[in-house]
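Student: Take a look at the letters that make up each chain.
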Amino acid sequence: GQNIDQPTEMTATEGAIVQINCTYQTSGFNGLFWYQQHAGEAPTFLSYNVLDGLEEKGRFSSFLSRSKGYSYLLLKELQMKDSASYLCAVRGTGAGSYQLTFGKGTKLSVIP
Amino acid sequence: EAGVAQSPRYKIIEKRQSVAFWCNPISGHATLYWYQQILGQGPKLLIQFQNNGVVDDSQLPKDRFSAERLKGVDSTLKIQPAKLEDSAVYLCASSALAGGETQYFGPGTRLLVL
Numbered sequence: 005g006q007n008i009d010q011p012t013e014m015t016a017t018e019g020a021i022v023q024i025n026c027t028y029q030t031s032g033f034n035g036l037f038w039y040q041q042h043a044g045e046a047p048t049f050l051s052y053n054v055l056d057g058l059e060e061k062g063r064f065s066s067f068l069s070r071s072k073g074y075s076y077l078l079l080k081e082l083q084m085k086d087s088a089s090y091l092c093a094v095r096g097t098g099a100g101s102y103q104l105t106f107g108k109g110t111k112l113s114v115i116p
Numbered sequence: 133e134a135g136v137a138q139s140p141r142y143k144i145i146e147k148r149q150s151v152a153f154w155c156n157p158i159s160g161h162a163t164l165y166w167y168q169q170i171l172g173q174g175p176k177l178l179i180q181f182q183n184n185g186v187v188d189d190s191q192l193p194k195d196r197f198s199a200e201r202l203k204g205v206d207s208t209l210k211i212q213p214a215k216l217e218d219s220a221v222y223l224c225a226s227s228a229l230a231g232g233e234t235q236y237f238g239p240g241t242r243l244l245v246l
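Chains as they are written, first to last, in my numbering: chain X, 5 to 116; chain U, 133 to 246.
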């Protein structure tokens with residue numbers, strides 16, 4: 005099975021940098037995803053890591069360490085519109101190899 | 133490119149009633165997923181289809197939930213009879229077959245069972 009942990013809530017200031025951590029214990033690993041979900045809306049894809057290291061995409065970066073079962077999402081130059089929940093999801097292996105198991109999400113509040 | 137479509141967007145029913153949700157995935161996407169997202173939680177996979185076949189339905193409460201994707205395109209998820217704890221957002225997602233691991237989500241159906 006999969007167990008995914010991430011902080012429940014975080015608050016950060018507009019223009020600042022915030023790091024959202026995710027740790028996981030899995031019986032099989034085939035990639036880690038980050039999704040953004042605004043209140044009342046569907047999750048939207050942010051990033052995907054399958055190898056160790058940092059993936060950068062504009063203001064957002066995601067890091068993965070498979071040996072430590074650890075990932076983080078880094079948001080730079082925070083904007084008010086970044087206030088949302090950020091979901092960490094691990095893709096497993098096996099017959100349902102594209103299955104994602106989601107964490108409970110981290111609710112980020114960006115304040116002026 | 134049109135996204136994943138779902139209907140209805142909202143539904144309110146009384147316990148023990150039946151309800152059905154519809155999903156139309158992104159054109160050409162062979163894999164379709166139904167998730168249940170309870171308030172304050174991450175989405176939980178209910179069932180995964182590959183074309184018109186079920187890949188995994190291990191977390192689907194089969195005594196009351198059913199789903200089908202008869203022609204390998206759109207899909208319906210049904211709850212019969214509904215319980216209070218079924219109140220949640222039901223999300224449909226799709227992904228392409230050939231290396232398209234990213235799942236794209238529809239807007240969801242928000243269900244309230246009274």
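Hint data in this document are derived by calculation from the structure and do not stem from the laboratory.
You may find that some hints are simply not true.
To be verified - Have a look at the derived ranges for each label pair, beta carbon to beta carbon:
1. 20/X / 215/U: 40 to 48 Å
2. 44/X / 210/U: 19 to 27 Å
3. 195/U / 12/X: 26 to 34 Å
Unchecked claim - Straight-line alpha carbon distances no greater than 25 Å define the calculated BS3-like cross-link-like pairs of lysine-lysine that follow:
4. 72/X / 108/X
5. 176/U / 210/U
6. 215/U / 143/U
7. 147/U / 203/U
8. 108/X / 143/U
9. 108/X / 203/U
10. 176/U / 111/X
11. 72/X / 111/X
12. 147/U / 176/U
13. 108/X / 176/U
14. 143/U / 176/U
15. 194/U / 143/U
To be verified - If you only want the chain X side, here are some residues facing chain U, beta carbon under 7 Å, derived:
16. 43
17. 47
18. 49
19. 50
20. 88
21. 103
22. 106
23. 107
24. 108
This structure is a prediction, so every number in the text was calculated from the model and none was measured.
Every residue, glycine too, gets a C-beta built ideally from N, C-alpha and C.
Student: Hint by hint, note whether the structure agrees.
Tutor: Status of each hint after checking the structure:
Between residue 20/X and residue 215/U the beta carbon distance is about 44 Å. The supplied range of 40 to 48 Å therefore holds. Hint check: residue 44/X to residue 210/U, Cβ distance near 24 Å, so the stated range 19 to 27 Å holds. A C-beta distance of roughly 32 Å is found between residue 195/U and residue 12/X, which places it inside the suggested range of 26 to 34 Å. For the suggested pair residue 72/X and residue 108/X, the alpha carbons sit about 20 Å apart, so the restraint of at most 25 Å is met.
Restraint check for residue 176/U and residue 210/U: satisfied, since their Cα atoms lie roughly 16 Å apart, inside the 25 Å limit. Simply put, residue 215/U and residue 143/U have alpha-carbon atoms about 14 Å apart, close enough for the 25 Å limit, and the pair holds. Between residue 147/U and residue 203/U, the direct Cα distance comes to roughly 31 Å. Violation of the 25 Å bound is thereby established for this hinted pair. A distance of roughly 24 Å separates the Cα atoms of residue 108/X and residue 143/U; the hinted pair therefore holds under the 25 Å criterion.
Using a Cα cut-off of 25 Å, the hinted pair residue 108/X and residue 203/U is violated, with the two alpha carbons roughly 33 Å apart. Between residue 176/U and residue 111/X the alpha-carbon distance is near 18 Å, which keeps this suggested pair within the 25 Å criterion. Simply put, residue 72/X and residue 111/X have alpha-carbon atoms about 24 Å apart, close enough for the 25 Å limit, and the pair holds. Taking the CA atoms of residue 147/U and residue 176/U, the gap is about 22 Å. The hint holds against a cut of 25 Å.
This hinted pair checks out: residue 108/X and residue 176/U have alpha carbons roughly 10 Å apart, not beyond 25 Å. Taking the CA atoms of residue 143/U and residue 176/U, the gap is about 20 Å. The hint holds against a cut of 25 Å. Restraint check: the Cα-Cα separation between residue 194/U and residue 143/U comes to about 21 Å, which is no more than 25 Å; the hinted pair holds. Taking 7 Å as the C-beta cut-off, the interface hint given for residue 43/X is violated, the closest approach to chain U being about 11 Å.
At about 5 Å, the closest approach between the beta carbon of residue 47/X and any beta carbon in chain U falls short of 7 Å, and the interface hint on this residue holds. The beta carbon of residue 49/X is positioned within 7 Å of a beta carbon in chain U (closest approach about 5 Å), and the interface hint is therefore held. Hint status for residue 50/X: violated, given a least beta-carbon distance of 10 Å to chain U, over 7 Å. Here the hint on residue 88/X is broken, as its CB sits about 13 Å from the closest CB of chain U, past 7 Å.
Checking residue 103/X against chain U by beta carbon gives a least distance of about 6 Å; that is within 7 Å, so the hint holds. Satisfaction of the interface hint for residue 106/X is found here, the shortest Cβ-Cβ separation to chain U being roughly 3 Å, below the 7 Å cut-off. At a threshold of 7 Å, the smallest CB-CB gap from residue 107/X to chain U is about 5 Å, leaving the interface hint in force. Interface hint status for residue 108/X: upheld, as the beta-carbon distance to the closest one in chain U is roughly 5 Å, under 7 Å.
Checked against the numbered hints given earlier, the structure breaks hints 7, 9, 16, 19, 20 and satisfies all the rest.
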